[in-house]
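K.L.:
Residue strings, one per chain:
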Amino acid sequence: MNFNIYTNRFLLFLICCIAAAFRAESQNPAAAPPQTKPVALTGATIHPVSGQPIPNGVIVFDKGIITAVGDSATPFDKAGTEIIHLPGKHVYPGAIAMASTVGLQEIAAVRATLDYQETGTLNPNARALVAYNTDSEIIPTLRSSGVLIVQATPQGGLLSGTSSVFHTDGWNWEDAVLMKDDGVWLNWPPYIASSFNFRDFSSALKRNEARQEHIDQLKRFFSDAKAYQALSDPQPVNLRLHAMKGVFEGKANLYIRAEQARDIVESVGFAHAYGIGGVVIVGGREAGKVTGFLKENDVAVVLNEVHRLPDHQDADVYQPYSLPGRLLEGGVRTALSYGNESWRVRNLSYQAGTAAGFSDFLSREEALRLVTLYPARILGIDQLVGSLETGKHATLIVTEGDMLDMKTNIVELAFIKGSRTDLDDKQKRLYRKYKEKYGQ
Amino acid sequence: MKTGLFRFLLLAFYLAGPGAWYASGQQTFPRNGPYDERAGLYAFTNATIVADGATQLTDATLLVENGYIRDIGNNIAIPRGAVVYDLKGKYLYPSFIDLRSSYGVPEAVRSENSTQARGAPQLESNKKGIFGWNQAVHSERRAAGLFVTDEAKAAEYRNTGFGSVLTHTPDGIVRGTGALATLADEQRNTIVLRTDAAAFYSFSKGSSTQNYPNSVMGSVALLRQTFYDADWYEKGGSRQERNLSLEALATLRPLPAIFEAGNKWSLLRADQVGDEFGIQFIIGGGGDEYQRLDEIKASKAPVIVPVSFPDAYDVSDPWDAEVVTLAEMKHWEAAPGNLAALEKAGIDFAITSHGLKKRSDLLVNLRKAIAYGLSRGKALEALTAAPARLINASDLLGSLRKGLVANFLVTSGDIFDEETILYENWIQGKRHIMPGTGSPDLRGEYDFLVASLPVGKLSVKGSLRTPLYQLTLGDSVTVTPGITLHNHQLTLTYRVPGRATGVSRFTGWVRGNDIDGSGELPGGERVSWKAVRTHPYVKPESRSDSLKPPVIAPTVYPFVGLGLEKLPVAETILFKNATVWTMEDGGMLEDTDVLIRDGKISRIGRGLNPPAGSRVIDARSMHLTPGLVDEHSHIALFAVNEGSQSSSAEVRMRDAINPEDVNIYRQLAGGVTTSQLLHGSANAIGGQSAVIKLKWGETPDKLWIPEARYIKFALGENVKQSNWGEAVKVRYPQTRMGVEQVYYDHFIRAKEYEAAWKSYRDLKNKKGAVPPRRDLELDALAEILNGERHITCHSYVQSEINMLMSVADSMKFRINTFTHILEGYKLADKMAQRKIGGSAFADWWAYKMEVKEAIPYNAALMAKEGITVAINSDDAEMARRLNQEAAKTITFGGVSETEALKMVTLNPAKLLGMDHRIGSIKAGKDADLVLWNDHPLSVYARPEYTLIEGKVYFSREEDRQRQQRMTAEKARLIQKSLDAKSGGESMQPPQSVRPRMWHCEDIIGEHAEHHDHGEVHR
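In order, the protein sequence lines correspond to chains A and B. Residues in the first sequence are numbered from 1 upward in steps of one, following this note's numbering. Residues in the second sequence are numbered from 441 upward in steps of one, following this note's numbering.
Keep in mind the hints are simulated off the structure, nothing from the lab. Backbone N, C-alpha and C define an ideal beta-carbon position, used for all residues, glycine too. A hint or two may mislead.
Claimed, not checked - Residues from chain B shown here face chain A by an in silico Cβ test under 10 Å; the list is partial: (1) L766; (2) L1108; (3) E1147; (4) A1148; (5) R1149; (6) A1268; (7) W1284; (8) K1292; (9) L1301; (10) E1305; (11) R1321; (12) E1339; (13) S1426; (14) M1427; (15) P1429.
Unchecked claim - Some chain A residues judged to face chain B by a derived CB distance under 8 Å, without partners named: (16) I107; (17) A108; (18) A112; (19) D135; (20) I138; (21) A204; (22) K206.
Just chain B, with the same shape it has in the complex (with noise of 0.2 Å):
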């Protein structure tokens, strides 16, 4: 029935054809003065039709009724009644589509809670209705809600060659749906093609003032749970409570999916997210993609590009020019190549005026990336075709097909060549000319006559869009006349150099080749004047050396300036007559030599023939030391603290790697292989850890190393924000004694989750059973009750440390470490009964309050208790010499030499859970190690090699080599600035964006104060 009355419907439509259901659009609206509807039948005659990518038509005809293309041809019969426009020599195309628009809808503000003190913390929603939790999850937003047109920003886009756009409010991380509107400048009801074309996300919370989520590891686990709730809530969590942010994702989920991610590693970051729930996201890129072409293919994603090109950076002072990173001139000269890159990697994408500084650029910059070597077809298909079928709507727009809406140019030529010009718009067929554009050609050579004499001659060269005009009086005399135009109205000025005789005035209008005119000398004789063409404009040949294609430098990974076009490989590597720490049971072995192969330790021992092929490394006079290992590191991290809630137990530090910080280098460079990249101390319950091996130039996922699986906890001031200022007492808890109960509460909830989803698995019949809300946040706490993820808790002060290990004791589960643990000292026999580990720093102190009572001797005491202590970093400078903090637990405590390099080795190892592949030299294990130039304990010790599973990831004289490289590319990349300032081209000044530093002291938004005195003027 249902099916049968829906096919009558379809043949009712095309029975009466698409026009009449455009005549329709406005039916409900009551008119003021008499209807103004019109047949809107258009023929356009003997155009070059391009009507796709692939297919070009010439001496064709387009027909065009009621806003829809009619019929599209060669042989098409015009129809009675139709106006006929003749496009003899002029192209038409389809017009463009822009998929990142918020064209017609209104800016989200952010309106601060003016109850609440400034720095107040708000930890729940201020939006009225019974919405989700979360300020930032806008799933109930429609951009048709919203829109109204807007004839200014219209005017804009179609002035570039945008007929439509795909429009939403670009805020928050669930941003609600999208229109396909039209551009055109009519009733909205009418323009609106497609009402919720399209669901938008992203990372960013945009407008929401709600804390929650501040950190990017939090905004992907505010829509993962998201995400879950609508699930849990579609099954039947909606008997339990009303929620129309759910409510409205459930109608999200069918909708083509567009992630604005922005940069390469949200893109891949927002790829993952889609994966879980299988989604495929559209990701709004950010133009840096040819960066990382190869991860970006395998993420099968789609990309909607940005076609904004950084400005060369004005390095004409050598000084000033340091400011600018290697990295930012490198991208200077790639980023016009990147649309090239992804269509030679066959990478699906759409191009989008999103980004650009002025929306016109848009074509200039298409040629650019046409001359770096985007083919046309590809340029055009991803401005039309794309975009449309990327969103399902093929069936409205993107190419010009019979059935279709009628969006197309008028163009003088090819719409990518530099002279063409964009005459007309037409959109839903109603046509728009261009400004400027109703002037005729008037390039040419003419006699200049005035009274009827002639006294010189005039030339018009140039473009069509910009003429240059010369007039020569008598023999000798040029001058360039000041000329406007206004369709065939001309104004023409003029000055003879050297003479007093003031300004000649004429204007004239265009008859036929000709101008004609009327004129006032300086004198104010009145006279008549004339231009008679003589010759018609020949177009120049074209210099064939603008043809050649740009240069740019490869690619380097990372894309930094210590980046390298070429991964290091494996190697098999012998390592002669070295002194070897092993940190196993052998000690340390003089004159011992090391075989390394696949990425493993293989022998160990004197007199080790090398193998074939292998290299050899006279290590004599050297130490060789497995790698060192980071217990407690904040680099290669794009945020640290989630902390806007006294639990964070859902967000992974994974989902914030940032595998280009150069910190990654320098720590390499001081012996740095493995680092556990920890959440903050903002909450007593953080985030799940990265922990990484320090692969400088892969990707975030082959650093990661998913099976240790850690969390972060942390005690003290920084839980309760007692240096965060008077504003911030608002979270709990605020007291130490609160913090306890923090602990209590969240175990007692997993306990009880986890017997709610037991008594749900158990359950034989589950029909009608509504399953328990997965929750985030309580399966990571249901892992460290069940043993799966182990606890690096930040620790000061004794009370606190005692207060945990007896919570851990009652609600059964283990910590793992106490990590700064600055008075270990005082409990180390209670840590060393339960078998925690104590990961401190070697001697920090009275930085504030709660580490007054820190120690040098902390690491001392523990280990003699029997703790496995390591000493950690917690700092990206302090880890480039971990060793030499493990040196002064020699001095203070005397602990032997072996058991202090134990502690920036094996010991975080084991920590680490990770000793079974890392920490020691034995066969078997990783070949991460470090080949040291001195005592690897001694203040003079420097990293000669630095090996992760084989790979030389650092090496002295490499680095040294590639030192030279850089200054060499950089002087180029200067050069090359240089000549594009000469050249004309607009210029920025020199100047850099770099990210940031992390401690865990540092608190989004916040920042201990102490660090940042004595600063007042940077």
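Here chain A stands alone, though its shape is the one from the complex (with noise of 0.2 Å):
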């Protein structure tokens, strides 16, 4: 670890000649070197997370990628691998945070620093890829926490745009891309919309008049956009239409925001009436209403904040927590997400410590799966990511404790591909710089 801190002062040295010229921002830990010699994690307990914790095990990755995991008597060749013993430490893949908008946005309430919400209604043209923005000062310290993986997804509108899944370590987004355009984004309309009165303040639940004309918007949208597939020359070119390609292929999911049962069921059905097969629902806060019908219909939930208040008045106070836990004993396949607050996604993995917490139904290993291998599932990377079995990436983290307490989820080691990922951020920079200052 001084190693890490002698290299970041050196950097920070010449980051600071630099930022005198340039931008203040460019603080940030250089990207990890890919990985150059076998490197063997012993003595912790490893969380595979596809079988069962193994207590003082053994895991070796190479060139990023893993090369073997088991107990302390798997074999591997001690002499060409760096050995890191890690008595009493924990071994996890990385979190993978779901619907983020890591990357696209700073500070919410400056509007220079966000880029998740095109203008106009219909722009899955608008593409994450391009605008995150890996020099982020959040991002590090979401690594800190252990999220290793996010989903930058644009916000806003019918169609969002498309989202991609990217490390949370690189150079420039192309350095830093896992997946591009894995997913279109639709914001269905809701069946019972709010409305606010500016009178008392108080906000009213009442049928949403607008939303049969934004349906038939979707679905002449959506009519158009397959039919245009189909040409080989399409004159004129539409990049609107162009961008709906990977979803009607099969190349890319179609992520539904949607959270009202109801809305649940038409905009699925509605999604499978243009054929679409990788359907996803977003948010999903009733969700556990229709359980049947996802599972039937092998559509995945995305789960917004776990942690937030009750959808209604008279709903159990815990209905939020525990309903991850229902959903996945209802044969639904589940990830958790944090919503739309980039900073907060570093708390993503104490929401499935919660769901566990507060269900009858839901294992701390289940729990687990919610934040690592479900997501990777869900975007379709799990051959690569999500747990730690042979052959996939060497994207893992090494805790204290229990990585879903927040009182023992202390990062120590954070490997992405194998690439040892520098630590610091921006906090523990000003954290050291005033515990110097005081003395501590």
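Need the complex rebuilt from these two chains, each delivered in its own frame; the hints are there to steer you.
P.N.:
Pasting the structure below:
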């Protein structure tokens, strides 16, 4: 760790020199260089997620790929491998944060730092890929709490845009991206809408009168987009329609933001009517009402904040906390996300912890999958990441204790595709600066 | 001399009789055409006279002359020249009085100032003339000065049975006077019986475009300050400034005072304001009084109650139905019983038609209220004598008595019977015949003859109001004929079903018991026809099951689904073998027992024996901690920011407590027992906090802890309005430079204020000296200077924190706590030196510019410098897991577990000056405890029990039962709603209104933009 601090100070010095001429934000640590030598982590409890935890286990990886996982007897080339002995520690796959605005949002109240919402309503061609800012000061704080993969997603409108999946380290978006253009984001118009009354500051829940108009607009767009894909040489070229190609060809997911049961059922039916296979419901507050439907149609659900208030005055006070457990119990493919406040994404894993603590059906091991293996499967990257298995990426963290518990989730090491990531961040730098000031 | 003259005039009045006064009423007005004054002498004989709710005369006579009742009784001689109406079988009632009316006064319209940018603040009143500073104070307004008659409106009232109204302009905090006017169709100077009959007030600023007040606590403050100002003005302030609003307010003070509240909490709040100034408000309620009967009874406030009942919700679709809250359904069920509940509780009330969708629903709904247990006598009293008495007008109206204004109703029977027809509404001795009531009662059985041949039977049944006609032709063909009846003229049409012969049309007239007439058959042949009555109408026996009183589930406290019929009581409880986190020197005690009794922690030790009658809770492998304390909360509030001025020190959050916010219960379920409800951060000097215990089901006063006297200050972007848009760049300050000046300026004024009071108090001879004007804002600031009120300051960046500390040093006041204090770690040494506490978020940052250097290590750094550190929520959701937030300080900065837990228990208790009562587990302290199923700082921990002062406000087991009970109750109400639907009742679509959730970023009318991203369709 000392090595890191030294490097950082040196880097900081260099960067400051540059910053004087350019911009002050560029203080983040350098992206990790590719793995050059095999690494073995020994002595720790390994949580493969795909199987039972392995106390005093061994995990070996080379060129970014896991070559062995097992108990202490697991053989590997001890001479040619850097061995990091980690007794008492825990090894987990890095957490995966779906449906985030990470990299697209720096300071929520400062418009100049926001790049997730294009103007207009039908923007499938707006790509998060090219706006993802690897120099965001928020990103290093996420890896510090174990989030190593994020899905950067556009927001707003009816069709918000196209998301991509990134590592939380990298020199630039091309360097950081794990999966380009993984899906198009659709905001399904809600059946019951809330309208705000400025007179008494209450909000009223009523049938959404603009809904059918929006659905009709979507129908026209999807019909035209589907027909467009059949053309070999479309004239005129339409970027918006073209952007739907992946969705119609089954190469990209259609992420539908829908909260109410009626909207979930109707939007899935809508997507299926256009022959779209990869449908994912995002939000899904009322997904618990339609678990049978979701299971039958094999539709996955990415829940927004578990840390939220119940939907209804009369609801069970722990309703949002127990929802992930209820969905899994009902056989629904489920993952957790942390909504659109990018800085809060670092608390992603604690939502899984809360879900386990407040549900009668959810084990801690299963809860862990809600932020690792299950999002990887929904994203279609589970052959690469999401669990610690031979052949997958060595994208993993080493912690002091339980990763789902804020009390013990102290991330000591992080490897992204085998590269040892610098865990310094702006907040740690300020911490050190003032510890030093006070002599603490 | 004066008295003598008055006596003479009075005598003259009695000698001349009221009639003479009436006749001279229009003398000042010139006429177009010959005079048409009449003697107006009428005798109503053989009537059943319901003189008031308690007196009924039969076969009696009422004598009216010139608009007044000349006599009433059983042996009245009919004077010559009287028009006599024989009312045999008919009833006379005093006509109704509505105290909540705006009849004949123009609506106050909110006019946006066109010279201002949209959304730009208006800091001063835009009223012309030397009125007071606030545009919502209309003490000078007199309804009589604006009044015009409105015949269409008057007719609508009259047709419902009203004879007079107390009308005013329902606009503003102080609304001026109301005029007592009859609903006669006469020249307006004669129908206003009393010009300034009552004064009106409310908490709503109405048409005022001025920013202040924009919250309920601001409205309370404005009203209080206005009363104090009027007092000062009277005592000599008028020598310093001339102010027509204050002059007018003095004239309002002796009048009956009516407060438009609109709901139960507002009602109780209004009564409290009245108590401060020795005013007993008569309060316009919302029809929800049954939900807080005891408190309303104790307030002694008479209530003017609406009779509008919500329609049933159409809950046919189970998913759609979920929008409707249990409370809304319960209110639907219980609202018709409100008046009966008020009567039973002995609360004085009058009834108003205010709030009805259709005014004509008044009697329909009252009949419903009677079916729910309201007595007929009370119903009549509340429409007549009570409103008259409440505004001291029993000498004019409200009953049928000699000398009163001749306002009365002629009906076919008991006015509250469904079948009864209101025939006439006499107002000031003038007859108004109700439309559609001049027709005769045709009910009975008839032979139907066409061209003198008996062709069938005509049967007329049903109610007098809506008769049902049936025509039987030959032996078997029965048709419902189309009938219209105007006076004695009748049209009858029918078509024989199944035949293509067409429609037969008849016209006719009533002759005695029969009907004669002429008609045309479908083929065009003209015929004569006749209906000859064979049997008179016989009223069928009413079915007994319709008399069963309707079922209403018992009221729950608070009135939401999660409320309870019975509130918890303090128990004697022994927790056995718990891991006890004492937060005291003893630290964490394993396998320890804790006994609580009489609301206090009684003993802590091992092997304690349970006292007789105590409850023993096996707490093995569980953790007992003090109840969590949230230093920064905005739950349970009707409003959060006054924020319209850079200082609102005069506002009190206790005026805005909403004890029915479900988040109280949700936070109990997260282990929180005490919260500081802070004003928002929209201005440099905010309002006075309300520290509350989360006693779910109690009233605001019982939640509130008066001894904890705090006030919110704020620094940074919200104060300088940097994220509020381009239009909002007017209010001072707009920079951190200006914020400093606001503080200096206000505290210098507070010192001068203190000095002025001191020199006034020290005056030996106060005669002729004008006392300083009592200023509620400066009172609060003076309390700060005197160490009687403590500052919690919302704070972000180091420069401003440093600034306030130096202002405080030089003005010699103390800052108790910096809340949020995101950059506290940069000034921890300076804060520690001054013993200022820090109450922080665990890890919030990056949501706006001033938090870009916020770090999660802040709490640890501050704590290690010796600062008392708390972790707070500022968020209704996060407060449900404050223990998790506290645990983050272990990860970020290596705080010990005990210290981390102190940050949500003992430390915030210290910051609230409440650590002598709460925050640790120590004998003698309040039994505010949480029993957790796991390590309290673990993400997996959840409360098994949460207690406040020995009362179990949350238990996991009981919570499960409560959910089951709610499911059952909702199912019952859904079935009942569907019964109502199949019974043809009018329904409303499933919809719900839910109160606002607050953060300190929220500004009335403004909302920090970043909360709304990605929500375009929501």
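K.L.:
Hints first: check each against the structure and report whether it holds.
P.N.:
The hints, checked one at a time:
1. L766: holds, 5 Å
2. L1108: holds, 9 Å
3. E1147: Not OK, violated: E1147(B) not within 10 Å of chain A, min 30 Å.
4. A1148: violated, 26 Å
5. R1149: Given a least distance of 27 Å, the restraint on R1149(B) is violated.
6. A1268: With a closest approach of 7 Å, the A1268(B) hint holds.
7. W1284: Since chain A brings a Cβ to about 8 Å from W1284(B), closer than 10 Å, the hint holds.
8. K1292: holds, 6 Å
9. L1301: Check passed: Cβ of L1301(B) comes within 6 Å of chain A, closer than 10 Å.
10. E1305: holds, 6 Å
11. R1321: holds, 7 Å
12. E1339: violated, 13 Å
13. S1426: Where the cut-off is 10 Å and the nearest Cβ of chain A is about 18 Å from S1426(B), the hint is violated.
14. M1427: violated, 14 Å
15. P1429: Where the cut-off is 10 Å and the nearest Cβ of chain A is about 7 Å from P1429(B), the hint holds.
16. I107: holds, 6 Å
17. A108: At 4 Å from the nearest chain B Cβ, A108(A) passes the 8 Å test, so the hint holds.
18. A112: For A112(A), the interface hint is violated, since the closest Cβ of chain B sits about 10 Å away, which is over 8 Å.
19. D135: Since the shortest Cβ distance to chain B is 14 Å, the answer is violated.
20. I138: holds, 6 Å
21. A204: holds, 5 Å
22. K206: holds, 5 Å
Hint compliance for this structure: hints 3, 4, 5, 12, 13, 14, 18, 19 are not met, and every other hint is.
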